[in-house]
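Heads up: the protein sequence lines correspond to chains Y, A and P, in order. Just so you know, the first sequence maps onto residues 5 to 300 in the working numbering. Just so you know, the second sequence maps onto residues 3 to 313 in the working numbering. Just so you know, the third sequence maps onto residues 79 to 481 in the working numbering.
Hints listed in this document are in silico derivations from the structure and should not be mistaken for laboratory results. Hints should not be assumed to be uniformly reliable.
[What the hints assert, rightly or not] Taking CB as the label site, the calculated pair distances span:
1. Y:R182 / A:T295: 28 to 38 Å
2. A:D152 / Y:P134: 54 to 64 Å
3. Y:H98 / P:G324: 31 to 41 Å
4. A:S198 / Y:K101: 19 to 29 Å
5. A:R106 / Y:Q14: 34 to 44 Å
6. A:T295 / Y:T175: 36 to 46 Å
7. A:A12 / Y:G195: 34 to 44 Å
A virtual CB, placed ideally from N, CA and C, is assigned to each residue, including glycine.
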Amino acid sequence: MFELLGIPPQALFGQLLLGLINGSFYALLSLGLAVIFGMLNVINFAHGAIYMMGAFVAWFLLQFLGIGYWPALILAPLVVGAFGIVLEYTMLRHLYKLDHLYGLLLTFGLALVIEGVFRNAYGVSGQPYPIPAAMQGGWNLGFMFLPFYRGWVVLISLIVCFGTWLVIEKTRIGAYLRAAVENQHLVRAFGINVPLMMTLTYGFAVALAGFAGVLAAPIYQVNPLMGQQVIIVVFAIVVIGGLGSILGSIVTGLGIGVIEGLTKTFYPEASSTVVFLIMAIVLLLRPHGLFGRPRT
Amino acid sequence: MTLELGKKLALAALAVFILITPFIGLYPILMMKVLCFALFAVAFNLVLGYVGLLSFGHAAFFGMAAYFTAHIVKVWGFPTEIGILLGAGGAGILGFLFATLATRRSGIYFAMITLALAQMVYFYCLQAPFTHGEDGIQGVPRGRFLGIVDLSQDLNMYYFVVGVFALGFFIIYRTVHSPFGEVLKAIRENETRVVSLGYNVTRFKIAAFTISAAVTGLAGATKSIVFQSATLTDVHWFMSGEVVLMTLLGGMGTIAGPAVGAAIVVALQNYLSGFGAWITIITGTIFVICVLTFRRGIVGEINRLLRLREG
Amino acid sequence: MHLKTLTLSAAVLLTASAAQADISGDVIKIGVMNDQSGLYADLAGEGSVEAARMAVEDFGGTLNGMPIEILSADHQNKPDVGSNIVREWIDRDGVDVVVDVPTSSVALAVAEVTGDEDVAFLVNGAATTRLTNEDCKPTTVHYAYDTYALAIGTGRAMVQEGGDSWFFITADYAFGHSLEEDTSNVVKTEGGEVLGTIRHPLSSSDFSSYLLQAQSSGAKVIGLANAGSDTTNSIKQANEFGIVQGGQQLAALLMFLTDVDSLGLDTSAGLVLTTGFYWDLDDDTRAFAERFAERRGGQYPTMVHAGVYSSVMQWLKAVEEIGDDSGAASVAQMKAAGPIDDFFAKGGEIREDGRMVHDMYLVEVKSADESEGKWDYYNVLRTIPGDQAYQPLSESRCALVSN
């Protein structure tokens with residue numbers, strides 16, 4: 005077969021596929037971030053730490069309660085979501101009327117605290133988490149061997165992402181959320197409990213991060229630095245997609261994953277930086293991101 | 003005693019304290035670290051506190067200057083003071099470049115662009131041969147100041163650093179207390195009005211940012227001589243976050259506040275260094291408390307209390 | 079995991095006095111520094127501190143009437159953290175010798191500080207050959223093993239068995255580069271070729287794309303020039319992606335007993351590796367291992383732990399002999415003292431370049447059936463005599479060696 009710039013197609017497709025898998029995580033995480041920024045005007049730096057908590061909760065469930073992967077997929081996001089609701093209620097809601105800066109700094113501080121607690125308890129090398137038995141093994145696709153589990157990750161991420169997008173864009177409750185973003189007081193005048201909605205929205209977005217954490221546990225090892233490694237990339241993705249645009253973050257997340265995969269094939273050292281290059285370029289040309297709208 | 007006299011006495015006492023620390027049993031290397039980070043925070047605050055721009059990439063200037071100076075002094079054999087000045091100059095140029103790109107946007111987007119550019123600097127430092135990646139540049143000679151004073155003696159190095167701090171602090175002080183500084187403060191309060199008065203706001207922002215970057219570079223370059231090394235920690239985004247914390251803790255609206263914040267954070271880190279991730283937890287908690295209830299920072303609160311007392 | 083350091087805030091000492099030809103202070107202080115919370119925490123970590131304690135106890139607990147104290151710290155695998163801790167140890171606490179320090183970039187930084195301050199540095203954890211070449215110092219002893227020995231051992235063995243094309247997955251810092259370079263040289267000398275290399279950041283968790291590249295290169299052997307959890311993750315994920323089933327071999331160029339334990343024998347059986355120590359070699363090694371395990375809740379010692387014990391013991395003997403604990407003097411005495419004969423190194427010698435030359439062992443990981451219990455993991459294939467395992471002095475780039 006042909007070779008592209010000296011790289012055989014097997015390598016290329018394999019990297020693209022791996023990139024798609026990474027992109028699924030990016031999409032899930034940036035989706036939550038975009039929802040939080042869009043609805044609550046808060047830049048949630050703690051998102052990475054919450055993702056890490058999701059993975060740890062799954063590990064705890066297995067280690068101490070013998071609860072396996074499949075129930076953990078539901079339980080961990082619930083636990084993490086509840087934690088998020090507590091955070092929102094006690095701390096975040098006091099900051100909505102202030103400059104974005106304060107939300108960023110508060111959540112940055114929270115991220116440090118959460119990470120520090122786990123680091124103290126577990127060090128920084130990972131805890132192993134096994135791939136669920138039903139998912140072991142894989143397909144031989146010819147150009148690479150795709151483990152079943154990784155294929156599952158892509159599938160479920162896409163379902164959850166587009167499901168969320170559907171709910172927000174196409175359902176009534178989504179309409180209330182979007183209306184509350186535009187004009188909070190008017191929506192409240194209609195009798196809708198906006199503060200409650202915002203609390204629940206934060207909880208849901210955080211639960212998404214926890215869900216991503218459970219998905220990540222068998223692949224990336226459960227370790228306290230998981231969030232730190234991924235948070236600024238996810239930020240960049242949300243900015244590229246357009247702060248607050250749901251579709252933007254999903255598409256950009258997947259796209260960046262694929263682009264990183266491509267970069268790993270040709271110039272691997274740059275793969276962790278290419279997203280920032282893209283972000284700088286996008287911000288200079290299209291200030292509100294690819295899919296964003298100017299906000300009043 | 004009037005407020006002014008009180009403040010002047012406090013400053014004099016502080017200056018005396020700084021000058022005698024090696025003789026009262028405080029570890030000189032720790033004090034030098036405090037001074038370097040204090041200067042870093044004071045320089046950073048020029049942009050945050052006085053222009054109102056949050057830069058999330060200042061570590062790029064701090065660390066890049068450290069690398070430049072380390073290389074210039076170790077590999078090219080330049081004298082220490084020239085190395086430091088060149089490092090600071092390099093940081094200033096980098097700051098100018100960052101500013102010309104970032105000032106096209108404002109608010110959170112400004113911060114994100116500075117972060118993106120800083121990450122690219124990090125990547126460069128990771129890959130460039132002269133930085134030696136994860137190993138960093140080690141074994142940087144202290145050298146001799148003006149060819150005479152042997153800086154490998156910690157005591158001599160200490161007073162040199164005090165001098166550098168005084169110089170950097172003076173530069174920032176003069177920048178703030180000047181017509182230029184007044185325009186900066188006006189930009190922070192009401193940018194549109196400043197534009198309508200006919201000022202080229204972007205140019206002012208770029209100038210302020212460049213000065214901030216250069217003095218930050220001065221701090222980073224000096225640090226690399228004190229510790230005789232430059233590593234990736236100096237350009238990591240976590241360092242950018244730390245300086246924000248120091249500034250917030252000390253007080254964004256004051257010149258000296260960030261220095262106080264830096265002293266506290268460095269002292270805490272040193273005290274807690276044997277206790278694992280407790281530094282991270284406490285740093286995070288301070289952030290949270292500061293944002294929720296303590297936004298004026300330590301020096302800001304002191305100022306407010308003093309003003310209340312004055313009546 | 080909890081970290082302990084003897085408090086720095088106790089008696090604050092002013093700057094240490096210049097080196098004098100006697101024992102400084104009236105306490106002998108040994109500083110054991112390593113990674114206590116990260117990817118290298120198991121192979122050294124608290125175990126090394128315990129090994130040092132055992133050596134001090136066996137030595138008698140005092141030297142010429144002075145007590146011996148042990149301090150420990152976590153360098154978090156960062157050169158700046160490591161060198162700052164050592165600097166403070168020397169300036170404020172009067173530490174007389176620094177021991178262990180895995181993570182080669184930290185070891186190189188620490189070697190600079192101990193070299194400047196004339197304090198002995200007994201390296202056990204780190205592997206880079208630069209410590210006895212470009213960056214050698216009269217105060218540094220490279221004790222347990224190095225990348226050259228690993229390359230000669232595992233690299234040569236695998237090429238000779240037919241693995242003549244290699245692809246490297248390398249940790250992107252001093253150690254990884256050193257190991258990759260030394261092994262590449264061996265591969266080429268033996269008539270093999272290196273098809274490619276990919277560098278990954280230290281302490282990575284996802285090796286899928288690197289493994290994919292290794293797979294598509296078609297190399298017969300994938301050389302893992304990394305250590306600790308980087309190695310175990312690479313191996314686990316190689317299994318996940320069917321690399322080994324696909325016919326390629328994995329060469330774990332640096333692997334410790336603790337790594338095999340965390341991987342489990344099912345995953346690691348058949349792996350060939352080079353080590354400087356194995357607890358089940360003879361009665362002396364078994365005796366040490368059992369004592370160590372008792373104090374470590376059943377964990378058996380790695381070559382780093384054993385090396386720490388041995389090097390501390392040798393240093394204490396040297397200081398006692400000459401009554402001087404300063405760096406260059408104590409190390410010179412260690413070099414002059416002649417062959418070492420303990421459970422770690424029978425006939426080991428410390429050369430002018432600081433390299434402690436001793437026999438290495440090529441071992442193969444047992445399968446689960448062969449193993450009779452926890453920690454019974456290796457079959458010793460052959461012994462590599464010291465003078466063949468290490469870089470010949472004639473090739474040394476160390477300034478202390480007159481070449």
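Verification of the hints:
{"no.": "1", "hint": "Y:R182 / A:T295: 28 to 38 Å", "in the structure": "holds, 33 Å"}
{"no.": "2", "hint": "A:D152 / Y:P134: 54 to 64 Å", "in the structure": "holds, 60 Å"}
{"no.": "3", "hint": "Y:H98 / P:G324: 31 to 41 Å", "in the structure": "violated, 57 Å"}
{"no.": "4", "hint": "A:S198 / Y:K101: 19 to 29 Å", "in the structure": "holds, 27 Å"}
{"no.": "5", "hint": "A:R106 / Y:Q14: 34 to 44 Å", "in the structure": "holds, 43 Å"}
{"no.": "6", "hint": "A:T295 / Y:T175: 36 to 46 Å", "in the structure": "holds, 39 Å"}
{"no.": "7", "hint": "A:A12 / Y:G195: 34 to 44 Å", "in the structure": "violated, 57 Å"}
When the structure is compared with the earlier hints, violations turn up for hints 3, 7 and for no others.
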